[in-house]
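Peer 1: Given chain P's structure and the hints, the job is docking chains C and E onto it.
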Amino acid sequence: MKRHLLSTEDLGRDDALLVLDTAERMARVAEASVRKLPTLRGRTVVNLFFEDSTRTRTSFEVAAKRLSADVINFSARGSSVSKGESLKDTAQTLEAMGADAVVCRHSASGAPHRLATWVRGSVVNAGDGTHEHPTQALLDAFTMRRRLGRVDGLAVTIVGDVLHSRVARSNVWLLATLGASVTVVAPPTLLPIGVSSWPVEVSYDLDAVLPKTDVVMMLRVQRERMSAAFFPTEREYSRRYGLDVDRAATLPEHALVMHPGPMVRGMEIASRVADSDRSTVVEQVANGVSVRMAVLYLLLGGSGEVS
Amino acid sequence: MASAAASDPVSRRPGIARTVLSADDITRIVSRMAHQILEKTSGGAGVVLLGVPTRGVPLAHRLAQRVQAVEGVDLPVGSLDPTMYRDDLRLRGVRPLEVTEIPDGGVDGRVVILVDDVLYSGRTVRAALDALAAYGRPRTVQLAVLVDRGHRELPIRADYVGKNMPTSRRESVAVRLREIDGADGVLIVSPEASPTGAAAGPGDRS
Amino acid sequence: MTAGAGGAGGPVGPVGGTAAGGSGQSWVLSRVRPLGGDPVDVLLTDGVVAAWRPAGSTGPDSEGLPAGTTILAAEGLIMLPGLVDLHTHLREPGREDAETVESGTRAAALGGYTTVFAMANTNPVADTAGVVEQVWRLGLDAGHCDVRPVGAVTVGLAGERLAELGAMATSAAEVRVFSDDGHCVSDALLMRRALEYVKAFDGVIAQHAEEPRLTAGAQMNEGVVAARLGLPGWPAVAEEAIIARDALLAGHVDSRLHVCHVSTAGSVELIRWAKAKGWQVTAEVTPHHLLLTDDLISSYDPVYKVNPPLRTAADVAALRAGLADGTIDCVATDHAPHALEDKETEWAAARPGMLGLETALSVVMETMVIPGHLDWVGVADRMALAPARIGGLPRPAAEGWSSIAVGAPATVTLLDPSPWRVVEADTLASRSRNTPYAGRSLPGAIRATFLRGRPTVLDGKVV
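Protein chains in written order, with my numbering: chain P, 1 to 307; chain C, 1 to 206; chain E, 1 to 463.
For reference, chain P alone in the conformation it holds in the complex (with noise of 0.2 Å):
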């Protein structure tokens, strides 16, 4: 693997491979009466969040302490330089901390790439922008492979605001890379310009697609897109492409229900369907752990040389 984790679009499929088997190993120690591992002794992993997000954040929190690493949780929000100022200076202080890795979440599209150039450590990307979030898909193809076997040949859907997705963009490289069948299904307005060149289907109908599904997931949409025009009326994107009981009554019977959280209950997903057994809203938290631990592990758990 790279030195950093900056996106999926340049993960290899050996090395996305590596991490979900390692994730797997990981899943194993949770099991043990003592989780926690010496591995990362004396590593230093700060968590340098310019955007909320506790979710994500705890994640790597426990990954890292799982580990044994030493985690700095650096919240860069509200500082009064500017937002590009504090980027480069916050490098140079973690590079005097003598952070091993950066975790970063940022609301720039790029971000932990230029982190990347200005710091020695390792550059994890927590979510940059509209750009990728790369953990979330690795413990997403992590999710569907523990609960279906397998990754290659799966029919995956992935509904909703595509445009401003990093989840999606990270998914659709990382599941063409694992030999998935991608479809995204979006109101037009809701798809980049330039997605003909991406690895998926393309489709506004989802009434169509679902029932030659395996795994539906399921985007989070942002009430303020509303006034943009990128779509009428709240309700009408729901009636359109939200995922209602009737919706999930016409998938396969094993297909799976994904939301990378947090959810919009009722617009793009209805509750009983979110709680249902096709859920994985709640493993998905577990496994989000497994992926991260293994991520870290496999960033920092050597001597940094390629072997």
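Worth flagging that the hints you see were computed from the coordinates, not collected in a lab.
Hints may be right or wrong, so weigh each one.
As the list claims (entries may be wrong) - Computed list of lysine to any residue pairs in SDA-like fashion (alpha-carbon distance at most 25 Å, straight line):
1) P:65 with C:133
2) P:36 with C:99
3) P:36 with C:139
4) P:36 with C:103
5) P:2 with P:13
Peer 2: Coordinates of chains C and E only, in the frame set by chain P:
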């Protein structure tokens, strides 16, 4: 990042290899070790065999089979990957993790016998002892190894030794097992001509 | 003063002559190739091109040379009229940390430029006679090249009401080009009025064509790469829609429209259409849009952030073709210096813009001359004569050879076309470092630049 597949570091190293144990030798040795285990544990009472991946795992299964054949006792067999407890992780590229499989019934109050192919510096065993502690508190922990090649760096001693094999640090010991390598055999590989060329020795197994 | 111009392969150094200095100094450019043609000896005296003589015929002892004439070994060097940049950001007043009139014009001279049009988006904005005169005087004081201030179209570039265009036109700076560059004059009525109003003093409105509603939050060209990188797209239609509208307006009121930094294939088509209608529409293209494409942004390095954004290879091909056939009239650098802290940031926080003055001719050589799209006569037109014409500069008959013919002002630059050099940001004269070409090898090097007979650059160094 290391490749996920278990690799055989010895076969890729240039040098002169000589076979020191044949397939038949290994069969006889495993059989003897099984008898010793039965003797020392009063018929295998409360024993759990935990192989240290990679080649310790098939060895543990072979020992269990011999015990079954001799005594009719089914010993629980599992595997214990000590990688994440190693103290030398930073000395080389990241190591792929292996399977840890604790048999049903766990290890609390049991006689756990760790099984590995080669005992060298003792660091793997130390890590395995730490790993084991995460899964419970055995009554006794013992160690069985196919080959003891000496050069210990820690106060660790095996309870069951298949073969004591004096080596120099510059040599490597390669254990081949049919479950993994297709055939049984133990080889000693000496570095070619240059006395310093492979001074690092077999850093892989310890 | 004596100097060797470092001719390609030839002996370097002064051939002879004595130091004289002062405005009356004379120069012989020995064996120079005007517009890439056959070598001649060109005599520059009293600020004008005084004579052309057979190549190698003029030595220190030749007859008819004024006292103190310096003979410059110019073998292999191509003589071009001094380049004119219609689109330069000098940042003074306001951001002297990024560039000053002095440093920017120094960079210009080193790039072969003898006139730069300084854009109005300074702080304060160049929207009054006072500010444009200040910039103009700073240019005079620096002396590296002529500075022609561009006046803002609207007060404070706010796009709400017209600035005092007439006052700027009649100021000492004699402003003829008006632009809100950096902002689009998006209000159709205001644009119509501006186009009409400047007819009174033969002015031109240079439009930054960008429909603001279509580019809210935009970060890069909208397309395949933006979709992948998750950066909000700047669609080609946002540029093209304004160009189409403005061309129709210019045609309707019979005024001069100049389109800044054309960046898309569609824009080239629209300008071709407007010209076919007979409307007074001219256009410029930047060196970076002739060379660079949006896939460079995969690194998220803001050195590639520019407005309008880098586009696709198909756009680059169309721009080169448009410049070759004259649809696009000229090359303009859009030299946009930015301080380090405005570029060493995450992409979204970085300011758009690239340095251009010191690399423009090299990029044009690589993208237009070497592939055979333009010869040196064409380069002289696109980089000196056409922009001079559009900007309303007083020039002699601005056609082909005549601009450097006998009697013309000795405002020329000498290019050595043979070397390739690796661009190093730290060696540039600009105060800023935001060149997208750092580490890239580019052809050609300016050896000397003369402004009305006075050298501003000799031996590749500022005089």
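Peer 1: May I ask which of the numbered hints given earlier this structure violates, with the numbers listed in increasing order?
Peer 2: Of the numbered hints given earlier, the structure breaks none, since each of them holds.
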